[in-house]
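Please model the complete structure; the sequences and the hints are all you need to start from.
Going down the list, the protein sequences come from chains A and B. Going letter by letter, the first sequence gives residues 1 to 187 in our numbering. Going letter by letter, the second sequence gives residues 1 to 203 in our numbering.
No lab work stands behind these hints: they were computed from the structure. Hints may contain errors.
Said to hold, decoys possible - Simulated DEER-style distance windows between Cβ atoms:
| hint | chain 1 | residue 1 | chain 2 | residue 2 | range |
| --- | --- | --- | --- | --- | --- |
| 1 | B | Asn32 | A | Val150 | 44 to 54 Å |
| 2 | B | Arg183 | A | Ile170 | 11 to 21 Å |
| 3 | A | Lys153 | B | Pro151 | 42 to 52 Å |
Where a beta carbon is used, it is the ideal one built from N, C-alpha and C, also for glycine.
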Amino acid sequence: MDSNIEASQKSTERAVKSGYSQKIAKEIVDVCYSAGVRLAATLPDDWIANTIACFEQDIRFAHVPVNREESAIGICSGAFLSGTGSVALMGASGLMTLIYAITKINYTYEIPVFLMVTNRGSFDDKAKFHTSNGLYFESVLNSIQLPYTVIKKQKELPRIEEAYHHSRKISRPTVVILSKKLLQGKG
Amino acid sequence: MTYYECIALLASRWTDELVVTSAGTSSELWYNITGNTEQVFYLEASMSLSSMFAAGIAYGVTDKHIWAFSGDGAFVMNAGMLAVEQQMALPNFKHFLISNRVYGSTSDVPLPGRKNNDYEGIARAFGIKRVYSFSKLDELKNNFDKAVLDPGYSFIHLEVEPVSERFGSPPLDGPELKFRFGRNIEKVSNKKVFSGQLNDERN
Chain A
1 MDSNIEASQK
11 STERAVKSGY
21 SQKIAKEIVD
31 VCYSAGVRLA
41 ATLPDDWIAN
51 TIACFEQDIR
61 FAHVPVNREE
71 SAIGICSGAF
81 LSGTGSVALM
91 GASGLMTLIY
101 AITKINYTYE
111 IPVFLMVTNR
121 GSFDDKAKFH
131 TSNGLYFESV
141 LNSIQLPYTV
151 IKKQKELPRI
161 EEAYHHSRKI
171 SRPTVVILSK
181 KLLQGKG
Chain B
1 MTYYECIALL
11 ASRWTDELVV
21 TSAGTSSELW
31 YNITGNTEQV
41 FYLEASMSLS
51 SMFAAGIAYG
61 VTDKHIWAFS
71 GDGAFVMNAG
81 MLAVEQQMAL
91 PNFKHFLISN
101 RVYGSTSDVP
111 LPGRKNNDYE
121 GIARAFGIKR
131 VYSFSKLDEL
141 KNNFDKAVLD
151 PGYSFIHLEV
161 EPVSERFGSP
171 PLDGPELKFR
181 FGRNIEKVSN
191 KKVFSGQLND
201 ERN
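Pasting the structure below:
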């Protein structure tokens with residue numbers, strides 16, 4: 001079997017063929033590093049395959065692929081208590097599964113985590129199976145008072161760092177929502 | 001072995017390890033027996049995430065050993081955690097799965113698959129090399145050093161009898177637990193948990 005790095009490189013090739021920008025993915029990862037992120041716990045969405053590959057292939061980070069989004073919240077919450085900056089990277093549907101983990105772990109103990117998620121269900125998302133995210137995603141975040149910002153343009157990427165530090169300041173999770181056009185390099 | 005005997009033995013061999021307990025009986029008993037509120041994070045709001053939470057701590061606090069406790073009620077919700085643990089292969093991390101075949105903190109409601117769940121086999125099937133399983137106190141006592149003190153990640157299944165009583169939660173609110181545990185890590189491992197993750201700008 002090929003190594004994790006080789007498999008990740010193949011994923012990069014496929015993501016680029018699908019129209020997602022490796023340059024933007026690298027820039028996202030660089031901003032995360034600048035913010036203080038050293039560990040990335042990820043579970044894929046097609047839009048962020050390049051970003052996940054960049055974390056995997058970048059020796060500045062510990063990349064922890066998880067098989068359930070809640071596990072990313074567990075790892076990132078523990079990482080905070082070890083003084084390690086982290087990001088949980090996932091699709092919008094993944095965040096929709098996290099209401100329990102965020103409200104129980106992060107709200108009960110006031111432990112910050114920083115999440116980056118895709119804006120699935122947006123007007124430019126052609127997948128019918130993400131219609132529910134378009135209808136309910138932001139309303140769900142608002143219902144648990146989870147602060148978020150949507151990044152649509154490359155020039156807005158420094159807001160990742162602001163959102164990361166905001167989570168540490170308020171001792172709660174914060175979320176950056178990444179748009180499709182941004183991830184395609186068209187933002 | 002009884003749940004109490006099991007936790008009492010582990011607590012008697014406990015030195016400077018950081019401990020993360022799970023929802024229900026493991027938190028209640030560990031607090032009841034040790035009373036410790038600095039080396040232990042009582043993750044009562046956890047439901048299958050205590051070992052992942054502990055793995056995040058173990059990743060960053062490399063100079064301390066971390067003991068994570070799960071119940072089998074939590075484990076069957078997220079057995080995939082073992083794939084993550086196996087891949088992380090943290091050398092300072094031990095995962096204790098305490099199995100009593102019931103949801104102990106909710107009046108001993110029986111678990112799905114309670115008769116046939118083979119936790120040792122599940123762990124081995126995920127590729128974990130160091131897997132131990134003990135159902136008798138003497139077995140745990142006699143193999144403690146090998147299973148728990150030898151370096152490297154290991155998964156330790158402990159089969160216990162269900163507990164018929166509740167021992168009470170540690171009397172701490174969430175933020176107090178966080179600060180007590182985090183300040184202890186700052187003290188013993190020289191990590192900047194609270195101050196180090198904020199930027200210095202004030203405006």
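Verification of the hints:
1. The supplied range of 44 to 54 Å is met by Asn32 (chain B) and Val150 (chain A), whose beta-carbon atoms lie about 48 Å from each other.
2. Evaluation of the 11 to 21 Å hint for Arg183 (chain B) and Ile170 (chain A) yields a pass: the beta carbon distance comes to about 20 Å.
3. In this structure the hint that Lys153 (chain A) and Pro151 (chain B) lie 42 to 52 Å apart at CB holds, the actual value being about 49 Å.
The earlier numbered hints are all upheld by this structure, with none contradicted.
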